[in-house]
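J.: If you want the building blocks of each chain, they are given just below.
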Amino acid sequence: MSKKNEAVTSGPYQAPVTVRVVEGNTINHGDKTYTDGDVVELPARTADHLILAGHVEVVTDE
Amino acid sequence: MNEHLEAITDLVEEVAAKNHLTIVHYHGEQADVLDARSVNLAPMLHQADRVRMLLGKKVFYLPEAYRRLGGDLVGVFPNLRTNAGTDYAATQLGGVAVASPAVAKFIGISNNTNVASVLNTATNTTTSRICWGTAQATDGAASTSRGEYTALGLARAAATYAHTTGVSSYSQTITFTATSAITAAQAAGLFDAGTQNTGTLFVESIFTPTTLANTDQLSIAWTINI
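If you're matching them up, the sequences are chains A and B in order.
Every letter in the first sequence is one number past the one before it in this note's numbering, and letter 32, counting from 1, is 33.
Every letter in the second sequence is one number past the one before it in this note's numbering, and letter 100, counting from 1, is 133.
The set of hints was computed from the structure by calculation and includes no laboratory data.
In this text the structure is predicted, and so the values were computed from the model without any measurement.
For each residue, glycine too, the CB sits at the ideal point set by N, CA and C.
Among the hints, erroneous ones may be present.
[Unchecked claim] Here are some, though not all, of the chain A residues that point toward chain B, as calculated from beta-carbon distances under 7 Å:
{"hint": "1", "residue": "E42"}
{"hint": "2", "residue": "R46"}
{"hint": "3", "residue": "H56"}
[Stated by the list, open to error] Quick list of in silico lysine to any residue cross-link-like pairs, SDA-like style, CA-CA up to 20 Å:
{"hint": "4", "chain 1": "A", "residue 1": "K33", "chain 2": "B", "residue 2": "Y203"}
{"hint": "5", "chain 1": "B", "residue 1": "K90", "chain 2": "B", "residue 2": "G108"}
{"hint": "6", "chain 1": "A", "residue 1": "K33", "chain 2": "B", "residue 2": "A190"}
{"hint": "7", "chain 1": "A", "residue 1": "K33", "chain 2": "B", "residue 2": "A226"}
{"hint": "8", "chain 1": "B", "residue 1": "K91", "chain 2": "B", "residue 2": "L113"}
Use the sequences and the hints to build the structure in full.
T.: Laid out in structure tokens, this is it:
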């Protein structure tokens, strides 16, 4: 079910947003596959859903 | 909260066991701000709403989350797997590898007013079903003869696939940005080809008619259970 999401962001973020794939998840975007810990840039609105579902976490600027 | 949910995990999974679309309408440019706590708790919102659904209560947390992201949750809608989609799934799972078609990751949009049909296909132009075989390059009033948008920012496009290890579902997520007014978009199809009137229509769904202004965004998260 839901995955623990350790992401921290100072927000705000507009498109595109850089996210990190949460452990145990796989993301296919732009014909490329990203898995645990991989960092990928996604359209913000697309990322919204994936963040809410716990598939990815926002990469902080810190 | 997770500990408390463990006792009813099977019930929660049952509620979530149907394929569905989450449709969100974003009104132009938004001040989309998420603080750290929002991001950390985001997956829990789905859980909390599922529990509310089990109790027969209206969902609250997910719509509120999307509101804070600058969008309106249009709704969560079931989809229908077409007969062609059933055959497609069989081929993908058990057919000869070299004969397997492309993956179903392309989402198309229409303002056709028909309901979903198991008989529908990617090339249908019969007006008793959603006309995915009809190219619709301009906007117009919703009707039973309207086709799939091929322009105005809503042309069929590849979604982003996401899957969690061991979970019996995956999602295809995409966001369309309207480049013109769109009248009452209300149907979505998931195809295995990126061009209108081609490929296999795997599943289709209708949702609450959603009218977009120029630069508005329509975000779709399609959950497929396997």
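J.: Please list, smallest to largest, the hint numbers that this structure does not respect.
T.: 1 and 8
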